[in-house]
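> One letter stands for each residue in the lines below.
4 protein chains.
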Amino acid sequence: MKRIENFKSIIDRYKIIFFDAFGVIKTYQGLVPGIEKTFSYLEAEKKEYYIVTNDASRSPAQLAESYHRMGLTAITSNRIVSSGMLTKEYLDLKVKDGIVAYLGTPDSAHYIDTSGLHTLPVSEVNSSNIDKVNALIFLDDEGFNWFDDLNKAVNILRKRTIPVIVANTDHAYPLSVHDVSIAIGGIASMIENIVGKEFIRFGKPDSQMFMFAYDLIREYRAVSKQEIVMVGDTLHTDILGGNKFGLDTVLVLTGNTLPGDVDTRITATGIVPTYICDNAVVQLGELGF
Amino acid sequence: MKRIENFKSIIDRYKIIFFDAFGVIKTYQGLVPGIEKTFSYLEAEKKEYYIVTNDASRSPAQLAESYHRMGLTAITSNRIVSSGMLTKEYLDLKVKDGIVAYLGTPDSAHYIDTSGLHTLPVSEVNSSNIDKVNALIFLDDEGFNWFDDLNKAVNILRKRTIPVIVANTDHAYPLSVHDVSIAIGGIASMIENIVGKEFIRFGKPDSQMFMFAYDLIREYRAVSKQEIVMVGDTLHTDILGGNKFGLDTVLVLTGNTLPGDVDTRITATGIVPTYICDNAVVQLGELGF
Amino acid sequence: MKRIENFKSIIDRYKIIFFDAFGVIKTYQGLVPGIEKTFSYLEAEKKEYYIVTNDASRSPAQLAESYHRMGLTAITSNRIVSSGMLTKEYLDLKVKDGIVAYLGTPDSAHYIDTSGLHTLPVSEVNSSNIDKVNALIFLDDEGFNWFDDLNKAVNILRKRTIPVIVANTDHAYPLSVHDVSIAIGGIASMIENIVGKEFIRFGKPDSQMFMFAYDLIREYRAVSKQEIVMVGDTLHTDILGGNKFGLDTVLVLTGNTLPGDVDTRITATGIVPTYICDNAVVQLGELGF
Amino acid sequence: MKRIENFKSIIDRYKIIFFDAFGVIKTYQGLVPGIEKTFSYLEAEKKEYYIVTNDASRSPAQLAESYHRMGLTAITSNRIVSSGMLTKEYLDLKVKDGIVAYLGTPDSAHYIDTSGLHTLPVSEVNSSNIDKVNALIFLDDEGFNWFDDLNKAVNILRKRTIPVIVANTDHAYPLSVHDVSIAIGGIASMIENIVGKEFIRFGKPDSQMFMFAYDLIREYRAVSKQEIVMVGDTLHTDILGGNKFGLDTVLVLTGNTLPGDVDTRITATGIVPTYICDNAVVQLGELGF
Chain R
16 MKRIENFKSI IDRYKIIFFD AFGVIKTYQG LVPGIEKTFS YLEAEKKEYY IVTNDASRSP
76 AQLAESYHRM GLTAITSNRI VSSGMLTKEY LDLKVKDGIV AYLGTPDSAH YIDTSGLHTL
136 PVSEVNSSNI DKVNALIFLD DEGFNWFDDL NKAVNILRKR TIPVIVANTD HAYPLSVHDV
196 SIAIGGIASM IENIVGKEFI RFGKPDSQMF MFAYDLIREY RAVSKQEIVM VGDTLHTDIL
256 GGNKFGLDTV LVLTGNTLPG DVDTRITATG IVPTYICDNA VVQLGELGF
Chain H
16 MKRIENFKSI IDRYKIIFFD AFGVIKTYQG LVPGIEKTFS YLEAEKKEYY IVTNDASRSP
76 AQLAESYHRM GLTAITSNRI VSSGMLTKEY LDLKVKDGIV AYLGTPDSAH YIDTSGLHTL
136 PVSEVNSSNI DKVNALIFLD DEGFNWFDDL NKAVNILRKR TIPVIVANTD HAYPLSVHDV
196 SIAIGGIASM IENIVGKEFI RFGKPDSQMF MFAYDLIREY RAVSKQEIVM VGDTLHTDIL
256 GGNKFGLDTV LVLTGNTLPG DVDTRITATG IVPTYICDNA VVQLGELGF
Chain P
16 MKRIENFKSI IDRYKIIFFD AFGVIKTYQG LVPGIEKTFS YLEAEKKEYY IVTNDASRSP
76 AQLAESYHRM GLTAITSNRI VSSGMLTKEY LDLKVKDGIV AYLGTPDSAH YIDTSGLHTL
136 PVSEVNSSNI DKVNALIFLD DEGFNWFDDL NKAVNILRKR TIPVIVANTD HAYPLSVHDV
196 SIAIGGIASM IENIVGKEFI RFGKPDSQMF MFAYDLIREY RAVSKQEIVM VGDTLHTDIL
256 GGNKFGLDTV LVLTGNTLPG DVDTRITATG IVPTYICDNA VVQLGELGF
Chain D
16 MKRIENFKSI IDRYKIIFFD AFGVIKTYQG LVPGIEKTFS YLEAEKKEYY IVTNDASRSP
76 AQLAESYHRM GLTAITSNRI VSSGMLTKEY LDLKVKDGIV AYLGTPDSAH YIDTSGLHTL
136 PVSEVNSSNI DKVNALIFLD DEGFNWFDDL NKAVNILRKR TIPVIVANTD HAYPLSVHDV
196 SIAIGGIASM IENIVGKEFI RFGKPDSQMF MFAYDLIREY RAVSKQEIVM VGDTLHTDIL
256 GGNKFGLDTV LVLTGNTLPG DVDTRITATG IVPTYICDNA VVQLGELGF
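Here the protein sequences come in this chain order: R, H, P and D. For the first sequence, this note's numbering begins at 16 and goes up steadily by one. For the second sequence, this note's numbering begins at 16 and goes up steadily by one. For the third sequence, this note's numbering begins at 16 and goes up steadily by one. For the fourth sequence, this note's numbering begins at 16 and goes up steadily by one.
Where chains are identical, the list cannot tell them apart; a pair therefore holds if satisfied intra-copy or between any two copies.
In silico DSSO-like cross-links for lysine-lysine, where the CA-CA straight-line distance does not exceed 27 Å:
no., residue 1, residue 2
1, Lys147, Lys103
2, Lys103, Lys240
3, Lys111, Lys62
4, Lys23, Lys111
5, Lys52, Lys62
6, Lys212, Lys17
7, Lys17, Lys41
8, Lys174, Lys41
9, Lys17, Lys147
10, Lys23, Lys61
11, Lys17, Lys174
12, Lys111, Lys17
No lab work stands behind these hints: they were computed from the structure.
The following block holds chain R by itself, in its conformation from the complex (with noise of 0.2 Å):
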């Protein structure tokens, strides 16, 4: 474990970097002040590099958008690598035909529809057609009525025995300097322990997250693990992740852990990153470099 000052020195030693995005790339409050300048360092360098998030809340184009809109146009739908893809693969693969019944809003539901599938709102499952119903899916924790349709959920899983995903793992997440909202991942882990099943979680810190983003580079070039690094702002999601995976890993300070916190959490948790590093942002020097 090395401190770092400036986020430069990493970049120069990998060739491809995996950014967590909330807390490390972005806060509540809008863009991590200077992260645009690590962009334009990657791209001058042709560094590859790819947003691997717990977000199943939209589409990796709807994701790249809110990037465009807050003025950091180099995140394109290609470089990110959601919980919600994965779970979109799972379907592909694992659920033939009849209905997907999901906990989220429109936008959550519409990108892994699926030809052949048909998603539906949890609250939408009745009793003519809950006999079609071939998986459930927790995507976020907005669109619906908590004490209606999680109850509801709650007695479809009690008569119909089908897959349950969680797409994001997270059981918070904050709203604002001093609030944090309930996460979908939290609702499904309530849910899981009320009706005694085993749900499958998508997000990190499974491997199956990364092992997505390190397949999109394989397509098209050979690659080791020692060339990428991860960088997160928590530990037992990115760090705890990305070296499980068997990635070099840095810890940035800018979202859940706290400056003040670091060493104490380290040592209490056992999960130990790479680099730790104040910020994701590079500096460059006067002349440039």
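Fit chains H, P and D to the known structure of chain R by using the hints.
Chains H, P and D in isolation, oriented as in the chain R frame:
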């Protein structure tokens, strides 16, 4: 473990009977058929009895009234020991002043009102009164907006270091022959997990429920645990809790534990009742005995 | 939550004091310096006191003797309430005959011997006597071969559907200033997880420990919970358990909770003692008061 | 979910077969009767196959040899993917120098030896070398003194903030028709709980096991997940893991899941295999096809 045909032969061995409510005396369809004979027999034989129930949704008086409406007048409010009563005792002893924020119906909050304390729905906590909130209580799954108020409860607990009481440990409860409902105990576990704090739970199988009933009796006469039997339909609350407290226990098959499952579940859980009986109905012979 | 300088001012407010043992009265280095002054003061003021301890390794008489050897004669066996005593009460009430198999030292088994029951080390259970084994008890981490006897315990529990008692809920205990030891409670949790059955645990924070002490007092006089204070060094056993039972609580900083950590840990766990005091030593003024 | 009579009809649908070892190919009594016919058929049909096993006790070469001794020569070391191999890959990528302390037999440690690293049994860690310990690995439940070395492992982890690898996620394994043995995965969970740190686990149902096998194939040819089927006897490792990775799955009833339990367990867990087949034995017609 003995199988007993007639519940009467169990009653005849003990002086005091503790009954669970749901699944033993009543179901979602009303009273268990014939259960009034049990209470007539108990009265005739001058046995004592108590209803020991994980229920914080209403006061003992309101719970008793609901039995009266179904035609069972033998259950008076002084016969009822509920997890809500333990919550009230906790507040009396441990929270001296300020606001007690709650999740539940106004009914559930009313009877825990105590001199010096002010109960307030979580929805009405705001920046002007949050500093006076000295406890938060999970009372009932109804009476509030889940999305708004569960998120608000999480954020109150991030700002205030206060005791949190879960007045009902159940994670789900039966609604009809086909459906269940998520109970406040399940919701509380989700929030406990998200905020990472340790909540205080009242309800079976915890010994404090049994202690409360035991103490009610000891206020007017000496009693030994060997004179009491606990009757319930659920292995991991009624039977486990009764066993641990040192009571003999009867599992009845009119609720949570089905006749076809009983052996498998006893073996799987290792929770062994003293007796198994189809139901808690006293069957008298032709001449009334 | 108030910080108190002198433990004397706490004692002066209550009639009865419950003390945890390890980290409050003694450490691995012997008695807490000056603690004998506390017990002299209690005797002089005719206060009642009890040691409420998660310890099933020895009988109350042997535990008392160990204090006497350290020079603290005020702690007699009738002042001690241990999780081992609750185990013995459970056996007296609930296991009528047969063999009680145990993991622990002969000393730990001796005092739970009860008329009609036969205690036997797990190592001596075999195909000729296994059918008579009617309970299995986790008493102490010493006195048996871990590899042989833990595996044997697992297989006994796969063959016999019997109550399993964990007589000490702690998962680890301090051995020296640098080292800890795995406690029998930690081992029991591993085996509970493997066999998938539900064990019965005696020990703080469970209310039954506090009830047992409370009942000892009530045998000879009336008492209210408001007259009692629980003194401990561990938030999630002593303080959580005391709070839940309705007692006022004092956290002392001579054991598990270090002075530098106390605020962080109270905020992190949400477990709030009534008072915090550096230690449980009564400091008298120059003239003895 | 379809019930299939003859395992041959499953093989005919896929190009690549992943087999679990224990409960599918062999049991504690030796090879599953007739299993050699399956491998003859696979060879004749030029299908590919891999053994994907939670086993870190021996090297692939030693595991292969054990099949040869039982008469199954078709399983060569290059056909075996074990959780021990993932452990070795982790060390190669992530631990650059120093000592790797381990719990297990010398055999289990030998094959993870890597240039630059020094494996050392936990029993030989002492105050002079503890500062060089850069990882701790749980390899096997045999080869060490449980009391001494498990306590020592706890104390090493309290002093060193290092990655901890659990090379086998199973909590127990079958020893005979009547008995099981506590596995190193169960022991590791106990210690993880005591030290409060997060360990890295390799083994089914984790996706990384399936990726490793998938990558072995892709080294020499393109492959789609739809060409592969996973065959296993355990719902929550083989079937859950295979499903999540996107593979079709076959549950066989020669191991963990008994014919009489299969429907109950699928409903209870919600883990649904693509096919159920009594065993993994290819039955050929009279004329050999």
